[in-house]
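Be aware that the sequence shown starts at 3, since it is given in the working numbering, and climbs by one per residue.
These are computed hints drawn from the structure, not numbers from a lab. Mixed in with the good hints, there may be bad ones.
[To be verified] Below, computed lysine-lysine pairings styled on DSS-like, alpha-carbon distance capped at 30 Å:
| # | residue 1 | residue 2 |
| --- | --- | --- |
| 1 | K127 | K139 |
| 2 | K127 | K82 |
| 3 | K69 | K127 |
| 4 | K45 | K11 |
| 5 | K45 | K69 |
| 6 | K69 | K11 |
| 7 | K45 | K82 |
| 8 | K127 | K11 |
| 9 | K11 | K82 |
| 10 | K102 | K82 |
| 11 | K45 | K139 |
[Stated by the list, open to error] Computed Cβ-Cβ distance ranges for the label pairs, DEER-style:
| # | residue 1 | residue 2 | range |
| --- | --- | --- | --- |
| 12 | D27 | G138 | 28 to 38 Å |
| 13 | D131 | P68 | 12 to 22 Å |
| 14 | S38 | A58 | 17 to 27 Å |
| 15 | L23 | P68 | 27 to 37 Å |
Glycine included, each C-beta is placed from N, C-alpha and C at the ideal position.
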Amino acid sequence: MVATIGYEKANLSDFIATLQLGNIDILVDIRDRAQSRRPGFSKSRLSSALEEAGIAYLHFRELGDPKEGREAARQGDFAKFRRIFSNVLSSERAQQALAKLEELASQSEICLMCYERDQATCHRKIVSDCLEVSLGKPARHLGVRSGAGKSAEVGRVRDTYQGTAASL
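Go ahead and model the full structure; you've got the sequences and the hints to work with.
Next comes the structure, spelled out in structure tokens:
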């Protein structure tokens with residue numbers, strides 16, 4: 003199965019908890035550049051945090067939106083953005099990456115990640131649409147749940163101490 007998520011305005015704890023609640027096995031970073039000014043969302047820190055949470059991390063740069071596409075989207079020129087990204091998707095490297103994603107999605111719960119909160123204005127929606135067609139299954143779009151990280155931590159503490167009071 004395929005899901006998508008954006009980390010705009012999210013904190014790392016809530017982001018990872020949302021992935022866990024969504025039963026995600028593999029996070030697939032489809033940013034052109036796996037860097038972020040947002041704490042915790044650059045490649046090395048994010049992959050380490052995901053590994054600690056039991057979620058694999060893969061970076062598929064060949065499915066990233068190039069700078070010109072990001073600029074067109076920021077300016078609200080979504081027709082230009084889609085044209086630019088369609089050219090990216092038509093490349094042999096992108097087609098190979100899509101084939102690999104199909105294979106991964108047939109074996110695991112994968113989640114495509116980029117920055118934008120609203121998938122309708124992000125290239126990950128275009129990628130997930132391609133996978134919906136090839137896999138014949140709809141993608142689900144996860145919104146980062148504010149406070150999910152705190153809820154997950156409370157749940158872990160509860161699990162750790164469950165039964166302690168009864169045994170006292």
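Taking the hints in turn, this is what the structure says about them:
no., hint, verdict
1, K127 with K139, "holds (14 Å)"
2, K127 with K82, "holds (16 Å)"
3, K69 with K127, "holds (17 Å)"
4, K45 with K11, "holds (17 Å)"
5, K45 with K69, "holds (18 Å)"
6, K69 with K11, "holds (21 Å)"
7, K45 with K82, "holds (28 Å)"
8, K127 with K11, "holds (19 Å)"
9, K11 with K82, "holds (26 Å)"
10, K102 with K82, "holds (27 Å)"
11, K45 with K139, "holds (29 Å)"
12, D27 with G138: 28 to 38 Å, "violated (20 Å)"
13, D131 with P68: 12 to 22 Å, "holds (19 Å)"
14, S38 with A58: 17 to 27 Å, "holds (19 Å)"
15, L23 with P68: 27 to 37 Å, "holds (32 Å)"
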